[in-house]
Amino acid sequence: MTDTPLISVKNLSKHFKVYKKQPGLWGSIKSLWHREYETVKAVDGISFDIHEGEIVGFIGMNGAGKTTTLKMLSGLLYPTTGTPSVLGYNPWERKAAFQKQFALVMGQKNQLWWDLPAIETFHLNKAIYEIPDEQFEKTLNKLVKLLDVEDIIQIQVRKLSLGQRMKCELIAALLHNPKVLFLDEPTIGLDVVMQKTLRDFIKAYNKEFGATIILTSHYMDDVKELCERAIIIDHGKKIFDGKLQDIIDKYARNKILSLVFSKSVTKKDLAAFGTVKEFSEDGTHYTATLLVARKEAATTASKVLSKLPVVDVTIEEPPIEAIIREVFSKEKAKK
Amino acid sequence: MTMRAQTFSKYWRLLTMSWQDGLVYRMSVLMWRVRRFLAALMSLTIWSTIYASSQTGATPFGYTQSAMISYIFLVSLMQNIVMATALNGLAQDVYTGQISNQLLKPVSLTGYLVMQELADKLKNTSAMVFEFAALFLIFKPELVFPTVGIVFLFAVWTVGAIILNFCISLLFGCLGFWSPETWAPRFLFYTLLQFAAGQLFPLDVLPTLVQKIMYATPLPYLSFVQTQLFLGKLDGAAQLRHSLTLLVWILVLGLLAQFIWKKGLKDYDAAGR
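Line order of the protein sequences matches chains A and B. Under this note's numbering, the first residue of the first sequence is numbered 1, with each subsequent residue one higher. Under this note's numbering, the first residue of the second sequence is numbered 1, with each subsequent residue one higher.
Errors might be hidden in some of the hints.
Stated by the list, open to error - Computed footprint of chain B on chain A, listed as stretches where at least three residues anywhere in the stretch have a Cβ under 8 Å from a Cβ of chain B:
no., stretch
1, 114 to 125
2, 224 to 232
What the hints assert, rightly or not - 27 Å max Cα-Cα, derived DSS-like pairs, lysine-lysine:
no., chain 1, residue 1, chain 2, residue 2
3, B, K266, A, K10
4, A, K142, A, K179
5, A, K263, A, K109
6, B, K123, A, K17
7, A, K159, B, K123
8, A, K17, A, K109
9, A, K17, B, K262
Stated by the list, open to error - Beyond 12 Å from chain A on every Cβ pair, some chain B residues (computed):
no., residue
10, Q6
11, T49
12, S243
If you are wondering where the hints come from, they were derived from the structure by calculation, not from laboratory data. Quick reminder that beta carbons are idealized off the backbone N, C-alpha and C, glycines included.
Construct the complete structure from the given sequences, taking the supplied hints into account.
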């Protein structure tokens with residue numbers, strides 16, 4: 001990893017003018033001669049640096065500005081303020097030398113030609129990215145085997161399932177071995193097995209090519225498994241940038257104590273140690289989950305062990321989803 | 001591979017894929033061709049009937065029978081290779097963010113659109129050869145044939161018309177940057193175009209004032225002036241005047257399209273992606 005960032009973003013903003021339609025038929029009629037517009041700050045002055053080989057997770061609610069940021073980094077959108085630098089280029093200039101070194105994969109849109117088999121798009125990309133024959137054959141064979149799509153690349157894209165299509169999308173995006181990869185919801189709509197396959201693949205690609213990857217996803221498993229670093233965006237502003245573990249340390253107030261008892265205990269007994277989140281007993285199994293103050297988790301666990309008939313105890317971090325929710329609710333409370 | 005060979009390979013691949021893509025929906029292609037064939041067939045039938053019922057040697061609107069039949073063939077030819085365009089939906093592609101795919105890749109968007117357009121014209125032209133052969137067999141027409149020099153100039157003007165129509169399509173495409181309402185203006189233009197390009201009837205049957213208004217627009221240069229050249233109705237001075245006017249329209253609309261696209265791309269919101 002070098003000191004010079006591969007992606008550098010300073011005070012990047014994108015504002016859109018959007019038409020606000022009044023509800024109902026009368027609103028539609030009125031809009032024929034008078035329309036009200038408002039400016040939406042999709043991205044509002046964010047800055048960050050990303051170094052070579054990093055995988056960074058962009059986290060945020062719908063409409064937070066994640067995809068807009070990726071579109072600016074890809075040169076699709078003209079920033080309202082700020083100039084991002086990717087691989088030393090200004091993406092907006094859309095220079096061929098820059099475009100040959102990055103790829104943008106969108107989970108909800110495709111670059112594959114809908115009515116033709118995926119192999120046709122692969123060959124088109126070979127010509128467009130000027131990939132030498134040998135490199136093309138080698139990369140294609142490898143990706144096709146890795147993603148197990150030998151049988152489907154000759155079938156019309158529109159006849160493929162979502163998972164099959166996403167695999168082919170990834171192949172089309174990676175044939176030119178991009179150094180920078182922007183993945184926007186790459187696992188959206190896929191089943192858990194397929195999600196895992198794609199995650200493993202992305203991880204392997206990062207390792208093998210040292211590629212720099214920015215990933216947005218609604219599935220926290222994607223972020224947890226792939227990204228050491230996360231950037232949280234809310235209403236176009238960056239509210240956190242750091243290691244995932246730091247988010248947990250900073251925002252997680254509690255830890256989770258999962259307990260198994262040898263005989264029945266009461267909720268009242270448990271409440272003395274923390275907030276009872278789950279409690280169940282069916283005559284043979286007695287389990288409970290307690291939320292306890294983070295700093296006192298070890299002490300509390302030891303007290304529970306000494307006072308109650310515990311046969312098993314585990315101390316866990318709360319799920320990352322819950323922590324992120326916490327981050328957003330704190331930010332909301334600040335406003 | 002040299003740089004030139006790589007560029008050729010890139011655009012050749014785009015051309016062949018666009019061609020393949022245009023042939024996927026066989027029924028749509030067939031129906032579109034039947035529609036074009038029927039339009040030519042009906043025009044030829046009507047005018048053949050008019051001339052058959054007129055006195056021998058009559059020249060309604062100043063057109064002999066062979067000139068009028070030639071006119072219909074020429075209009076049909078121009079419809080197929082100039083007016084029919086694959087870029088009717090360009091504004092929608094802009095508005096829905098479909099063009100993002102091309103903008104992300106090291107390929108010129110204009111080059112991509114040119115290949116798409118060329119593939120469409122090749123598809124139309126290859127079908128047109130068979131349709132014209134059928135019309136020749138049915139009507140056994142006597143056609144007007146000009147000198148080689150005029151045929152060459154006709155070919156040049158036809159290429160000019162293709163470029164002019166491409167520029168107009170780009171201008172309509174720009175609408176998608178600012179509004180989703182892209183079909184209504186295009187449809188209105190298409191209706192006007194059918195009339196002003198002489199697709200429905202020769203413009204010289206109209207009053208002089210209306211003709212002058214038409215010639216103040218680029219529309220007659222998309223088809224009508226070419227037919228008049230082929231039929232020998234333009235003298236040397238008119239040929240020079242129309243050559244220059246066509247060139248000026250191409251330059252003006254080409255530069256305008258380039259300027260507005262540059263501006264539009266700054267406002268592009270890559271919707272849906």
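Worksheet item: Which numbered hints are broken by the structure, listed smallest first?
Response: Violated hints: 2, 5, 6, 10; rest satisfied.
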